[in-house]
Amino acid sequence: MSRAPYWPINFMEETSMGNKPSRMAGLAAVVVLIVAACSPAASSAPTGAAASNPPASQGAGASAPPAALNLPTVPTGYTELDKALTKGADGKMPFAGTKVSIQTQWTGGEGEGFAAAIKDFAAATGITINVDSIGSSHETVLKTRIEGGSPPDMAALAQPTGVLAYAAEGKVVDVATFMDTAKLKAEFPSTIGLTTDGAHIWSIPTKADVKSMIWYPVKAFAAKGYTVPKTWDELVTLADKIVADGSHPFCVSAGGPGTATGWELTDWVEEVLLKTEDPQVTNDWVSHKVLFTDPKIKAAFDKVGSLLFKDKYVDGGGQAIVNADLKTVMDPMFNQDTAAPGCWMQKIPVWYGPDFFPDKRTNGGDSKYKIGDDGDIGIFPFPTISDQYKGAEGSADSFMVLNDRPEVRAFAEFLATPEGLEGWIKSVGVLSPNVKVPAEWYAGNYKLKVANAIATGATAIGFDASDLMPPAVGQGSFWTGISDWANSNGTNTDATLQAIDDSWPK
Amino acid sequence: MAVKRAEGSGSYGTSPYVLVLSLIGLIIAGFGVKVLIDPHGGENVLASIYDLLGNSAGAGLLRNGGGDQFLAKLLLGAIALLVGVGGIWLLFTTASTLVERLPPKMRDRILPWVFIAPALILLSVYLVYPAVTTVIGSFHDKKGAFTLDNWASLATGPFLEILRNNVIWLVVATAGSVGLGLLVAALFDRIKREALAKVFIFTPLAISLVGATVIWKFVYAWQPPSQPQFGLLNAIWTSFGNTPIAWATTFPINLPAEMLIMIWLQTGFAMVVLSAAIKGVSVEVLEAARLDGANDRQIFFKVIIPLIRGSIITVTTTIAITTLKIFDIVMSISGGHNHDDVVAVRMFTEMFQFFNDGRAAALATVLFIAVLPVMILNLRSFRRQAAM
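If you read the sequences in order, they're chains A and B.
Counting from 341, one number per residue, gives the positions in the first sequence under the numbering used here.
Counting from 1038, one number per residue, gives the positions in the second sequence under the numbering used here.
Only chain A is shown next, with the shape it has when bound in the complex (with noise of 0.2 Å):
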């Protein structure tokens, strides 16, 4: 999230999937999607048998147990993780005893996700994986540990902008330098998938998110007959069916947790201008060749504006939004355990989930609302707009090397490979941005089934524009302005949309 999650107050920690709001562009992932899922199976299918053959006699060597592990088969192509997994002349693995520090803001299940994905690595190498799950001060804790000269050998970011920072600064390593890059750019072939900057690869993708998804409670729709929308008119029908019926359509939350404030709501924007416009628009809206004044942007606020400010659509109108938590947001969903509820939809990506449920969120354990079309909650895409563009949106985490050793090289290279995450994605549950992920690792899991489908039947991928604009702009005048914007129920867009493009960096 690119949360400014630095605030104690903020209680991100407790939620696990919470801390992404603003993740960056989910490109790669759906790239990876679309390519795992509908081109001939020819490149995926290979990676897939291999994962699911442990390599154990080949690379890891005797100490290797016999079950299946999460590793990628030698030769893996890249020259360091082909060391560290290959017993050396002395019988010993080369890199045993070295150890690798990475920083991350994973807490909670995707702490729990990655400790799952790195544990065989880390038994058959040898090597020791410190990582420091800093949550919700991530980034101060980073950059400070950066500025100071002793940074954590790799660092996980949810803002391609902030590695590009970092990288301006010199304080990358650019893995370029000893990464196949054609083979890089083959996996997650999305110029937003790996940042970079020129022939500079400065960090590569870890996790993905798609964001083009609305959820809902699946057992009081079908109680009073509504069907999922497809179409912005569907959705709109709907609306007013619901209201019709004495309750409220939406949940949206701009108000945090902390200060994280206003990127669902930015988030519905760029939503729809993707739904409505070329992608080409939100790339040049992220450079500023397309300013916020321009029509094409106006017209997104204003399509937005004309949904959740219409009266009774959201509980409260622009207000509730701004003063809405995103932990309890969607709590009036579960009223009289969802027969009745205070709202029917929210759009919100797909790290959602039951942490953030009311049950699970206040009395811990497992909650008893199941995700899923025959369960409680269900998730559907994003209704269509126009004909001609069908893009979805996206973000991703990525990780970026600070050290340079040849250890921390291994675990880098680790990390690319589609068995890098395939502890997380078959424990846990989560999108892999590179292509080579076999499809049927999501099979069993509702919520990357449902994501997948999006991202392969969207035309485009587009990252979460706010998250690739200025950091002043995308988490800063974007968020205010978008506030006041709400707070004004939409009657002030002209005079907020300029005062963004005045914040704009010089």
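Do not take every clue at face value.
Lysine-lysine pairs mimicking BS3-like chemistry, simulated, CA-CA at most 30 Å apart [to be verified]: (1) A:Lys708 - A:Lys766; (2) A:Lys730 - A:Lys652; (3) A:Lys511 - B:Lys1071; (4) A:Lys629 - A:Lys643; (5) A:Lys710 - A:Lys564; (6) A:Lys700 - B:Lys1254; (7) A:Lys523 - A:Lys439; (8) A:Lys636 - A:Lys730; (9) B:Lys1180 - A:Lys629; (10) A:Lys511 - B:Lys1339; (11) B:Lys1110 - A:Lys629; (12) B:Lys1339 - A:Lys650; (13) A:Lys511 - B:Lys1180; (14) B:Lys1110 - A:Lys439; (15) A:Lys652 - B:Lys1071; (16) B:Lys1110 - B:Lys1235; (17) A:Lys846 - B:Lys1180; (18) A:Lys766 - A:Lys581; (19) A:Lys766 - A:Lys523; (20) A:Lys629 - A:Lys730; (21) A:Lys846 - B:Lys1339; (22) A:Lys459 - B:Lys1339; (23) A:Lys643 - A:Lys570; (24) A:Lys439 - B:Lys1071; (25) B:Lys1362 - B:Lys1235; (26) A:Lys846 - B:Lys1254; (27) A:Lys570 - A:Lys650; (28) A:Lys643 - A:Lys700; (29) A:Lys667 - B:Lys1254; (30) A:Lys511 - A:Lys439.
Since the hints were derived computationally from the structure, they do not count as laboratory data.
Model, not experiment: these values are computed from the prediction.
Given the structure of chain A, go ahead and fit chain B onto it with the hints provided.
Same frame as chain A, but now just chain B:
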């Protein structure tokens, strides 16, 4: 005097044992510092101890980030305490032992410096050096070239708004805290259970700014009009038939809402100091004023207030400095996203979120310059009181 001290310490200073012991102490301290610098120092030391005791399994666990981590942290704490306290004792003993051996005249001149030197060095490293680099940094852009842009940008819209907010904070929150504190101190001076009453005003001071903000967020909580208002203020407000107001997020009502938290916290401090000052006004003076025919109001404004002026200035400047540096409350309410941003919060955001280190440095300098005159006023008032 000097001669006497020289005699007294003569045998001490020449003792070779002290030197040898100091040397051993320095070596031990050196090892201690080495352990403290190592990020896994505690684990490694405990692992070595386990190795010596033959517990190689426990040692292995510790070295791989498992095992008795709590014990390792405890050990590290003990080492830090030993090195910290012992190190300072060692430093002063060694230094004074060495200086005592010098000729008396030179020694008397050097000795005071020996004792302030550690403080001076620490201040230079941790205060003066960063302050200087901050000022220099405010004149550099991201590539390290000289620029005035960081300062020029402070004259643009959003920053003028921030500076305006700081001025409002300075005036309203400071005046509110001191004024209320003075009022309460004067009124409580006359009631029976004064101590008990003061406890209620003073207790909030024990709460951290962030904690207080969390409390007040519940007071200011807003719910859609269709829902029950669990926020105290809105529950009262709507019971009179009004529609609920988002006190903490609606500009401009959010400014006084945030300042009220500060006033709630700081009134107790002002009250305690001013109450003590009021009690210090001698009964004779008050009786004389009364004999001269002054009424209560005249006594308060024309006798008591001039007499406790020093305390008022001290309290005002102390609270003013706290207010100028206000960060926690604004950050915790909503991160300054609702036109309530202040210099300290923006400094943090520019630095850690926007990667504008130069502008963050300029804001830090602005804050420093703003606090400076208040501090000077404060020091002067202290000196005047000391002279009295």
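Okay, the hints, checked on the actual structure:
1. A:Lys708 - A:Lys766: holds (21 Å)
2. A:Lys730 - A:Lys652: holds (28 Å)
3. A:Lys511 - B:Lys1071: holds (26 Å)
4. A:Lys629 - A:Lys643: holds (22 Å)
5. A:Lys710 - A:Lys564: holds (20 Å)
6. A:Lys700 - B:Lys1254: holds (23 Å)
7. A:Lys523 - A:Lys439: holds (26 Å)
8. A:Lys636 - A:Lys730: holds (16 Å)
9. B:Lys1180 - A:Lys629: holds (24 Å)
10. A:Lys511 - B:Lys1339: violated (64 Å)
11. B:Lys1110 - A:Lys629: Outside the cut-off at roughly 54 Å; violated.
12. B:Lys1339 - A:Lys650: violated (61 Å)
13. A:Lys511 - B:Lys1180: holds (13 Å)
14. B:Lys1110 - A:Lys439: Satisfied, since the Cα-Cα distance of roughly 20 Å is no more than 30 Å.
15. A:Lys652 - B:Lys1071: violated (64 Å)
16. B:Lys1110 - B:Lys1235: Outside the cut-off at roughly 41 Å; violated.
17. A:Lys846 - B:Lys1180: holds (15 Å)
18. A:Lys766 - A:Lys581: Violated: lysine 766 of chain A and lysine 581 of chain A sit about 40 Å apart, past 30 Å.
19. A:Lys766 - A:Lys523: The hint holds at about 24 Å.
20. A:Lys629 - A:Lys730: Roughly 22 Å between the alpha carbons, so the hint for lysine 629 of chain A and lysine 730 of chain A holds.
21. A:Lys846 - B:Lys1339: Cα-Cα ~57 Å, so violated.
22. A:Lys459 - B:Lys1339: violated (77 Å)
23. A:Lys643 - A:Lys570: Holds: lysine 643 of chain A and lysine 570 of chain A sit about 17 Å apart, inside 30 Å.
24. A:Lys439 - B:Lys1071: Holds - the C-alpha atoms of lysine 1071 of chain B and lysine 439 of chain A are around 19 Å apart, at most 30 Å.
25. B:Lys1362 - B:Lys1235: holds (27 Å)
26. A:Lys846 - B:Lys1254: violated (37 Å)
27. A:Lys570 - A:Lys650: holds (20 Å)
28. A:Lys643 - A:Lys700: Outside the cut-off at roughly 35 Å; violated.
29. A:Lys667 - B:Lys1254: holds (15 Å)
30. A:Lys511 - A:Lys439: Measuring from Cα to Cα gives roughly 20 Å; hence the hint holds.
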